[in-house]
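Asker: In case you want the letters, here they are:
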Amino acid sequence: MKTKFLVGGAVILIALGYMIWAGVTQSAVYFVTPSELTAAPVAGKAYRLGGLVAPGSLKWEPRTLDLTFTMSDGRATVPVRHKGAAPDLFGEGRGAVVEGQWTADGYFKASLIMAKHSEEYKAPHDLKESQSKTLLKTLEEPKR
Amino acid sequence: MIPELGTGALLVALALCLYGAVMAALGARRGRTAYIESAQHAALAVFVLVTTCILLLAYAFLTFDFSVRYVANNTNLGTPFYYRITAVWGALEGSIVLWSWMVALYTLVVVLRHRTSARELYPWVLTVMLSVISFFLLVMTVAAPVFARSVPIPADGRGLNPLLEDSGMITHPLALYLGFTGFTVPFAFAVAALITGRVGDFWITTTRRWTILAWYFLSLGLLIGGWWSYHVLGWGGYWAWDPVENAAFMPWLTGTAFLHSVMIQERRRMLRLWNIALVILTFSLTLFGTFLTRSGVIASVHAFTQGAIGIFFLSFLALVVLTSLALIAWRWDDLAAQGVLDSVVSRESAFLLNNVLLVAAAFTVFFGTVFPLLSEAVRGVKVSVGAPFFNQVNVPLFLSLIFLMGVGPLIAWRRASLDNLKRNFLGPVLIGAVAALVLRLLGVRSTVAVVALALTLFVSATILVDLVRATRARRTMGERTLPALGGLLLRHNRRYGGFIVHLAVLVMAVGVTGSQAWSVHTEMTLQKGEQTELGGYRVRFDGLRESQESNHGKVTGTFTVVAGRGAGDVLEPAKKFYPQEQSPIAYVDYRLGFIDDLYLVLGDFARDGSHATVKMQVNRMVSWIWIGGLILTLGTLLSVLPERRKIA
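Residue numbers (my numbering), protein chains in the order written: chain Z, 1 to 144; chain F, 145 to 792.
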């Protein structure tokens, strides 16, 4: 009786171990900075690239849904292309993490953009609600 | 004023808590009832004091008392009344207050319910629970001082995180924390059982309802969290395998295992050690989850900011685990099982396998969640595994669990004969097989979806077989069908409550399967008046309008469903602009349906309203998940009713 259960347990353990191993090798995503990526880019590998959206680099083409920008960490820059509108917290001069792949054509093809929330809300304390319309406009400007 | 009053109340509560914990233990050791009574009074006073803290905090929020830093950080003069209440527990410090209040509340109920019924265990239960509260009070005074003063007092606060301005934020944290903290009770009983050496079945039968309650609230918290994610976050999903979600899911998995394994101990006197270990593991995972989400070790969309709190939780977790292990080692000989497994084909082994799979699932979730930390420590590179990993590993586990859900309740105890198997499972297996075939012929390509739906039908059929047979048996005794069914549910409410919960899980499984297999989405820019088609819906963009709300500005897009299902409906996804935020927040609009949901997120737009980019999704069967939640509630209620089995 006992051997049956031991064998059963071993089978389950091995199956689980295999599934975890296969899962990890197939869905591992490497965290890199722009300097790390430019130092040793591997086309086709899944990366999560973290850095700053370089000011003046953001371009948005609503017709074709092409979003292009440059990620920077002060030392190196990586050109990024994405299909689709930017998420809410995304903007020039702000932190962002993009997930995707390095392509042989020399750009990073993002499949997912995760904008970084600043750790604490840096609220402009002098701003009243009535002024939020003004804010609303300034917020839109970079996207045009 | 509030900061001083609050801090004072906290310190007195902490002192009383420690006093009560020591007195209860001394009372138990020396057999002094007076000591235990004194500890009870301390527990009552702690509850009153922590309640006072919450009320003080709520008062500070309602009166915009920005001298309290926590209030200043999480509200401003524009925050609506309703959200000033939810802001009490909306951020780190407040959530710890709520947490300790709930443990204090549970302690009070334990005092009221168990002070006479569980004489031997009870004082130690009190000691454990008061120690847990002491820890949270310590965190509240040292690591995350909720009543800290703001210097200087600002004229206005920073405002609440806009994502938290949602009705889900009142129910989601409450349910989730009631679940998390609820496991403190069975844990305290388990530790008390170890200390007193009464490791038999008493602690398990005493805490059965407690465990179900905690499990139910945790389930509800997870579901409401999914609902919040679905209708607020605007990515169209309800579960992302985010570390915060995983943190709550792990204790749910082990808690579910515990709910099942205690039945084996009650019936067959087996698995004593396993049950004690499971409940300790579950409680530890609730602490680990808090550590994970509050310490900032793992980046997550909705983790709170980091601070000294991480080291507190880690130390307490280590203390809990080490103490528990030492106690288990001490009582090792008493924990030996009395019953033995007779056969591989029996209800015991079905339950055992269910437990192994649930714990395996919890382990894979744990592994995937801490993987970035592991890989950084071992290989020096930061690697994460995302949703694909969790799905790939857990789908086979969950499918097997659904299969066992059909087998477990019907298979015979000890040793199932071929006849028993045929009688119970021949019909359901045929139904499942035919269903799989039909689904294939209907053109369902996803193998996972075919298997999942076929299994769901198989399990539903087993439940039906059982109900029909039992109702018939009662009918032959002269009852009519409906009263027979009703009487059955009430007399054997534990069994049928469990069946209804299983049914709820099946309904949710259909929802998850359907939404994974058949949802469609697109993103495009529409000119004013232009229309697009997706999944049977034809939607037209009719323009934008600006408006001003109490604490934010809003740009709303108007989209009309012009053909197909739901024609004439107008959906108004928007972007909200909060003055305290650097970016707008999307406000999703959706139309829920039994079969599919139409779900719109406004992306970018032209200021003159000439065009807008919209993310459009048709999510299938998602409503089944929420419906499953309602059925789950019914099943849980039935199973905690007092048993009314007729004494034959």
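A hint or two may mislead.
To be verified - Pulled a few chain Z residues facing chain F out of the computed Cβ check, cut under 7 angstroms: (1) 20; (2) 23; (3) 24.
Claimed, not checked - Chain Z is nowhere near these chain F residues, computed Cβ spacing over 12 angstroms in every case: (4) 315; (5) 563; (6) 617; (7) 635; (8) 636.
Hint data in this document are derived by calculation from the structure and do not stem from the laboratory. Yeah, the Cβ is synthetic: ideal placement off N, Cα and C, and Gly gets one too.
Asker: For every hint, state whether the structure bears it out.
Answerer: Evaluated hints:
At its closest, the beta carbon of residue 20 of chain Z sits 6 angstroms from a beta carbon of chain F; the interface hint therefore holds under the 7 angstroms criterion. Satisfaction of the interface hint for residue 23 of chain Z is found here, the shortest Cβ-Cβ separation to chain F being roughly 4 angstroms, below the 7 angstroms cut-off. Given the 7 angstroms rule on beta carbons, the hint for residue 24 of chain Z holds: about 6 angstroms separates it from the nearest Cβ of chain F. The beta carbon of residue 315 of chain F is kept farther than 12 angstroms from every beta carbon of chain Z, the shortest such distance being approximately 24 angstroms.
With a minimum CB-CB distance of about 22 angstroms to chain Z, residue 563 of chain F clears the 12 angstroms threshold, and the non-interface call stands. Consistency note on residue 617 of chain F: stated as away from chain Z, and its beta-carbon is indeed over 12 angstroms from all of that chain's, at 33 angstroms minimum. With a minimum CB-CB distance of about 35 angstroms to chain Z, residue 635 of chain F clears the 12 angstroms threshold, and the non-interface call stands. With a least beta-carbon separation of about 30 angstroms from chain Z, residue 636 of chain F lies farther than 12 angstroms from that chain, consistent with its non-interface assignment.
The structure is consistent with each of the numbered hints, conforming to all of them.
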